[in-house]
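S.K.: Following the hints, complete the assembly by docking chain V onto the known chain U.
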Amino acid sequence: MFGVCLRYAGNYHDAEDIMQEGFIKVFEKIHQFGFKGAFEGWIRKVMVNTALEKYRMHFQTVTIYENLPEADHELEKDITGNIEVSELMNIIQELSPKYRVVFNLYALEGYSHKEISAMLNITEGTSKSNLSRARVILQEKVNKYYSKSIQTS
Amino acid sequence: MEKDWDRIDRLFRERLAGFEEKPDDQLWEKIAGRLGPAGQRRKLYLFIRIAAGMTLLFSLGLGYYLINRQSGQEASSIISYKGSEKNDTIREERPRKSTSNIPEKKKGKSDRLRPVRKVYKGPEISLLDEGLQKANRVSVNHGLNISEELQDQAGRETIQLALLRGNHPGLSNAYLPQALDYSRTASAEPDYANLLSDLENMDDGNLAKEKKNRWLVGGEIAPLYSYRTIASDNLASNIRNTMNESENGLMAYAGGVRLGYAAGKRLSIQTGLYYSRYGQEKTNVKEYTTQSDAYHTEKTTFLSIANSTGEINTGKDNNDSKDQHLFNSAYNRNGALFESVVALNEFDLVPVEGNDLSATQYFDYLELPVTIKYKIINRKLGFSFIGGMVTNFLVNNGVRLTNNGNSQKIATTDEINSVNYLGSVGIGFDYPLLKKVAFSLEPRFRYYINSIDKNNVHPYSFGIFAGFSYGL
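If you read the sequences in order, they're chains U and V. Quick note on numbering: the numbering used here labels position 150 of the first sequence as 150, and the sequence is numbered without any gaps. Every position in the second sequence, counted from 1, becomes a number in the numbering used here once 1000 is added.
Simulated from the structure, these hints should not be mistaken for laboratory data. Any given hint could be a false lead.
[Stated by the list, open to error] Not everything, but these chain U residues come out facing chain V in the computed CB check (under 10 Å):
(1) Ile-24
(2) Tyr-55
(3) Leu-88
(4) Ile-122
(5) Gly-125
(6) Val-142
Heads up, the beta-carbon is just placed ideally off N, CA and C, and yes, glycines get one too.
Bound conformation, chain U alone (with noise of 0.2 Å):
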């Protein structure tokens, strides 16, 4: 479950919080858990909206229309193989909090960005705004991270 907080966070201190505030939901509420599905996945709910709150003021401000932007460099083929999970959370939590929790949502949860939308009372538009940023400066950073290593292996 803290890989899922780490994950919304933007780092290992606000994963902490994010837990922390989201085990005293769970332990609060956990009368309320029905016993009629996964406990875990009910624990995860709670979780991400525990993050979802935490962010959400980041969502308020108002979003200057960008174009979708476009991605400088293809993907590199074999890097899946090659980067670290590790590197990866760091790329994920090195974008900002509007970026991130919107490519987590659609890309890692798999909401729609109509869901997204209503969840983080943005728009459908500003939802692709920021999954479209977001994945340009993830591909830029794997990139660069496989560059990297490309040189000094």
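M.R.: Using the frame of chain U, we list chain V on its own:
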């Protein structure tokens, strides 16, 4: 380009969605610290439960003490089957201790309660979780195991540790990739909206709001053992001793209907209408006949019933010429022994041997209880503490004389109150049989707050009430 986006998404999804890491040990210490107030609350609840239990034990102990500290000498009371005008003198000598009835105040009521059964009817687990279930049965099984563990407090603690230490098999492996893949591909599933509403509900803290059966009706019956304490302080200890030695409690019954209202998850209030029989048995009833020519007939006998409660009255006046009555005495509680009465009245009585006589006084009541029930253990088998007040209305009373196994009603008891107030404490177990029907078992102890008669006699009872309740 789109393909690249898929790749970057997939890269992070495959590597991070299922990624788990153990948090620093200090984190869970912090969480435990944050849970401190809750822990304190649990301690408070525990304290309340222990205090309630001790109150119950104290009540029972007090009752026991009151019963056993009584001692006294059996005073004489006479029922003569044939009368003598001189018997009136016996009546006149009967002392009347000032009543120490507790002022009657507001109605006391009590009743029994049925537990509020907790049935979770909250939202289903989200599609994401369903994805988890469908895509990874192992994970689901773990989830269900956890659920079972959570059904008790101990399980909850276990889970708490397991979760925080990341060592529960169902939690240390988050099968998110599969779940996510499922949820992504199952685009036909319409339920993402449900997850949203779940999350919103969670924010509002009303995830588990449910429609409960707040009202219940039911019925119950109980074998009821009753006896009394003698609190009169103008009786010599040897008289009280003799009364206590010669009287026994009465095994009778109680039963009725009840109506309850759940004020919360644990707290409920109940009332109802019950019928119950209190009483006591007087053994060692002495029978005499007289050698006096003035009173002797073939059937004339005299009974000595030195009872503690009320005044036994045959209802026949002293001038009645028939055998079996004359008058009752019953209330000579100032220590005057029967023999002295006999001497005084020159009855010249002779004990009749060979008979085994006992007299049973019984008091039938309609009861209006009002009780509060607090559920200590709110699980399928519930456990509660119950306390309240009962108002008893006397509807019938009698005295039966048993002679060698043959019983007949010979009298009634006078000088007893028609309304009494009782304190009631008990514990309750309940178990749901059907969706709305529950079985309950409630041992209850009741004690007369005001005296039943004018001589500071306080009956009490113990009954195990068994019954059913139906949630409306």
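S.K.: Now look at each hint and say whether the structure bears it out.
M.R.: Okay, the hints, checked on the actual structure:
1. A distance limit of 10 Å between C-beta atoms decides the matter here; for U:Ile-24 the minimum to chain V is near 5 Å, and the interface restraint holds.
2. Against a cut-off of 10 Å between C-beta atoms, the interface hint on U:Tyr-55 is violated, since the closest Cβ of chain V lies about 14 Å away.
3. Here the hint on U:Leu-88 is kept, as its CB sits about 5 Å from the closest CB of chain V, short of 10 Å.
4. The beta carbon of U:Ile-122 is not positioned within 10 Å of any beta carbon in chain V (closest approach about 14 Å), and the interface hint is therefore violated.
5. Against a cut-off of 10 Å between C-beta atoms, the interface hint on U:Gly-125 is violated, since the closest Cβ of chain V lies about 17 Å away.
6. Taking 10 Å as the C-beta contact cut-off toward chain V, the hint placing U:Val-142 at the interface holds, the least distance being around 7 Å.
Going through the hint list in order, the structure does not satisfy hints 2, 4 and 5.
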